[in-house]
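Novice: These protein sequence lines map, in sequence, to chains S and G.
Our numbering applies: residue 1 is where the first sequence begins, and numbers increase by one.
Our numbering applies: residue 297 is where the second sequence begins, and numbers increase by one.
Read the hints as simulated data drawn from the structure, not as lab findings.
One or more hints might be untrue.
Claimed, not checked - One-sided and incomplete, this derived list gives chain S residues near chain G with beta-carbon spacing under 8 Å: (1) Asp23; (2) Ala191; (3) Arg193; (4) Ala194; (5) His206.
In this text, a Cβ means the ideal position worked out from N, Cα and C, and glycines have one as well.
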Amino acid sequence: MATAAAVVAREIPSPEQASLWSDAWRRLRRNRMALISTIYLVLLVLVALLAIFYTPYRMSAVGIAPTYSGPSQAHLLGADGVGRDVLSRLMIGAQISLIVGVGTQLLVVVVGVTVGLLAGYYRGWLDSVVTFIINVFYGIPDLLVALILVFLLGPSLTNIIIAIVVTRWMDMARMVRGQTLSMREREFIEAARASGAKPVKILFGHILPNALGPIIVQATFGVPAAILFEAFLSFLGVGIQPPTPSWGSMAADGIAALRIAPHIVLAPSIALSITLMAFNFLGDGLRDALDPRSRR
Amino acid sequence: MPAPILQVRDLRTQFLTDGGVVTAVDGVSFDLFPGESLGIVGESGSGKSVTALSLLRLVPDPGRVVGGKVLFRNQDLLQLSDDEIRQIRGRDIAMIFQDPQSSLNPVLTTGFQIAEAMQAHGKAKAEANARTVELLKRVRIPAAESRVKDFPHQLSGGMRQRAMIAMGLANAPSILIADEPTTALDVTVQAQILELLGDLNRELGAAIVMITHNMGVVAGLCSRVIVMYAGHIVEEGPVEEIFERPQHPYTWSLLRSIPRVDALRHERLRSIEGIAPDLLRPPSGCRFHPRCPFRIERCFTDEPTLEEVATNQRAACWVTMERARREMHADDLLDIRPGAGSGVHPGEQI
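Based on the sequences and whatever the hints tell you, model everything.
Specialist: Okay, structure coming up:
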């Protein structure tokens, strides 16, 4: 029961009544690590975009520098074992990583949200089937599934994204299902049903907007996991195929010469590590910013 | 008397719990007439809210309507397909819930939600938006044009309930079911909301079903009242008759337990002895007999049915207060006559 005092307090209009999203943005900015990560990721995206039009050298041009040569003025990150410019390849690698990371998560959101909403809202046999499938997918080692899929479909960028989605959609589906289960008992959902809203409208118009915060956080954490998985596949040689560079395959190329030319391994590894950290810090920041319970 | 707009016949709703089957609504029958305001009163667990939810097939799991008919415009709402009942909801029969705080979606603007209620029934977006402002004015929300864009947390409790009422009225329904619409509000706001509902009832001619545990609300708003106890209707009739001459001992006890402004200082507030029955194991015979001061032997074994006790007034009791007064000197026993209408203060609760 609202007390009289509470009602009066709410009635005083506050001039800077912030919406959910501007509120979250304000809180995200206050988180130093999340802010630094955001700036880094924006720069990374710009570099990846720049690489579409411009790289210092052609990424597949062989022998433009002495093989295994270290960083120099002409080649800032040196050259690899066949004399290709590492910086140029790193830039293209950033493209690949971002496409894989963001692309898989977009698909994961589409699949996970749809499956989770339907299972959580309709429950019954549908929920049982979905939960069972999720558990089966958790039970199979994801590397095995990804390897089999890539072998079956062929190692293209699209197929790698599909393979990662197939192994990584369950967390999202399970989380959305849980959100939906708790949300469907809320009174505003009952009120929406009482006003004759169609089930599709209730699912995507009422439940989804309320679950958007956790979905964004989950997807943000999913990006580095997908990037790492792609790098891992490429490192094993079943990922992105040469001559297109990926941070994983670049590291694999350099591993044999680690003693004499460590920069070939270090450059993609450091780029990968920083990117993964940035996404994780951003996810952490978003979780704090979007969680109404941590409202400060 | 005009033909009823809604006829409920032998409605039965059960909940399958771990402990067994709870029959929350057990053979409820009543008529609702066009434009009238009908109160359904009873304490918590009497089945009044479940009755309301059953009408629109909105009973939450694990509840299920297991029998009876709900006749609206010559069709049984309980037999319609999911999509057919969806089209009735909100368009012909609208519902307002108890807590406006939680019955508005926190992440959508109030105006958007009201407009959406109209779009769900085929109104074009622009038309719906225009009517939204009109509706907010109609429920007397000040500065309606700017309030449309407000989120629920930016409105006061009273305004939120007004917005809910606006949403309920959006499609000009012929029946408005209000499930304890004032319980979550404080007393001054309660009175305003009741006044608004009364005005809308008169102006728009929509029949109102008011679910409440508050006799004051019934006295202020309704013309007819149904009293429920443990899933049964125990008494129904015009409000004045029920307040003046309640025939079921439960109704009589309810009215007697309302605090009265004109009561003598030394008088203690009376409550009904005992507790509401466990519906997993309902009492035999009349369900009120364990708490009834006037029970006779028959009450333990036979279940009474609703019988006409006066014009338009029916009660399910073997004794009835008429006889209790005559033979058991009920009034002498309890010195005051139950609330004579005017003495009941709105906002006081049972």
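Novice: Would you mind marking each hint as holding or not holding in the structure?
Specialist: A quick look at each hint next to the structure:
1. Asp23: violated, 11 Å
2. Ala191: holds, 4 Å
3. Arg193: holds, 6 Å
4. Ala194: Hint on Ala194 of chain S: holds, closest Cβ of chain G at ~4 Å, below 8 Å.
5. His206: It holds, given that the least Cβ distance between His206 of chain S and chain G is near 5 Å, below 8 Å.
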